[in-house]
Structures are given as structure tokens and as C-alpha cells.
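Residue numbers (the numbering used here): 880 to 1024.
Mixed in with the good hints there might be a few duds.
The calculated lysine to any residue pairs, modelled on SDA-like cross-linking and capped at a C-alpha distance of 25 Å, are [unchecked claim]:
| no. | residue 1 | residue 2 |
| --- | --- | --- |
| 1 | Lys-1002 | Lys-1014 |
| 2 | Lys-1022 | Gln-985 |
| 3 | Lys-946 | Lys-1002 |
| 4 | Lys-946 | Asp-988 |
| 5 | Lys-1017 | Asn-989 |
| 6 | Lys-1022 | Ala-929 |
| 7 | Lys-1022 | Leu-995 |
Label-pair distances were calculated between CB atoms; the ranges are [claimed, not checked]:
| no. | residue 1 | residue 2 | range |
| --- | --- | --- | --- |
| 8 | Asp-897 | Lys-1001 | 32 to 42 Å |
| 9 | Thr-942 | Gln-985 | 14 to 24 Å |
| 10 | Ala-993 | Gln-939 | 16 to 26 Å |
| 11 | Lys-946 | Thr-978 | 26 to 36 Å |
If you are wondering where the hints come from, they were derived from the structure by calculation, not from laboratory data. Treat the numbers as computed from the prediction; the structure is a model and nothing was measured. Backbone N, C-alpha and C define an ideal beta-carbon position, used for all residues, glycine too.
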Amino acid sequence: MRVILVALLVASTALAADTPRVYIEAAETVDAGNSKEKAKQIDFGAAIAAALVKKQVPVQVVTDPSKAQWTIKTVSAQKEDSTGTKVAKMFFLGNSGFTSFEGAIQVIDNESTAVLYAYNVKKGNFQSAAESFAKHFKDDYLKKK
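When you get a sec, could you build the whole thing from the sequences and use the hints?
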């Protein structure tokens, strides 16, 4: 039993050693609407970290930029419809989606400063945008690497 546990520990450590270490650079989400306080509550970087874990993207998210091989940089904006627009959407379209979120994400190699992967996303909220990035980063870049 001990031999199996040691073998699993060694295998997981070796796997972790091959996994790229990623630092997510914090950036404030811009409010593209009228309210200047709503977007300040969004931490898109934290949403990206959570999405990378949820989508089982084979990277290690680190909190120390000096330990990272790659850095993820983001620019994002959120806009919530005005009350009048919300009423009109509900009345004419039966729509309940009143928020739009846009983000641009770059994965940068820290040694060469090359952009390894870039992604633009437009979704209804920041969580969906982060999960979309994680899925595409995993499938379109990491699996083909």
C-alpha cells in the first residue's frame, strides 16, 4: 500500500513539474454603462482562475509572478442595460439578459514576451466569459501544443 501511495505522489509531482505555471495579472473591469460602481465588484482574474480549475485546464495558477512561466493579462468591460431598455426587452423580446460582458485575454510567455494565445469574448456575464476562455485555451492551444 505504501509503495502505491509513494508512486502516486511521485507521479503527481512529476505531472505538476511538466504543467506550465501561470500568473493572472489583476486588472479592473471597466463599466461601459452609466453606473461607475457595479463593474468594480468584478474580479475577472479570479473568475479566470476558477474557470481554469473547473475546465481542468492543465496549468498551475500561481500567486507569485516570479514563479510563473506564463502571464495571463486581461482587459474587460461590462455594461448593464438601463431600466428603460430592460423594460423594452422584457416587453418585446421576453428577454431577461440585461448585462453584456466583453473581455480580451492574452497568455504571454514571460521569458520571450511572446503572445502564446489571445482570445476575445462577448458573453452575458464574466463567469461565462472566463469559462469560454478556459475551454478554448485548453482545446485550441494546449491540446495542440
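Hints versus structure:
no., hint, result
1, Lys-1002 to Lys-1014, "14 Å, holds"
2, Lys-1022 to Gln-985, "17 Å, holds"
3, Lys-946 to Lys-1002, "32 Å, violated"
4, Lys-946 to Asp-988, "12 Å, holds"
5, Lys-1017 to Asn-989, "19 Å, holds"
6, Lys-1022 to Ala-929, "20 Å, holds"
7, Lys-1022 to Leu-995, "13 Å, holds"
8, Asp-897 to Lys-1001: 32 to 42 Å, "34 Å, holds"
9, Thr-942 to Gln-985: 14 to 24 Å, "19 Å, holds"
10, Ala-993 to Gln-939: 16 to 26 Å, "20 Å, holds"
11, Lys-946 to Thr-978: 26 to 36 Å, "35 Å, holds"
Against the hints set out earlier in the document, a violation occurs for number 3 only.
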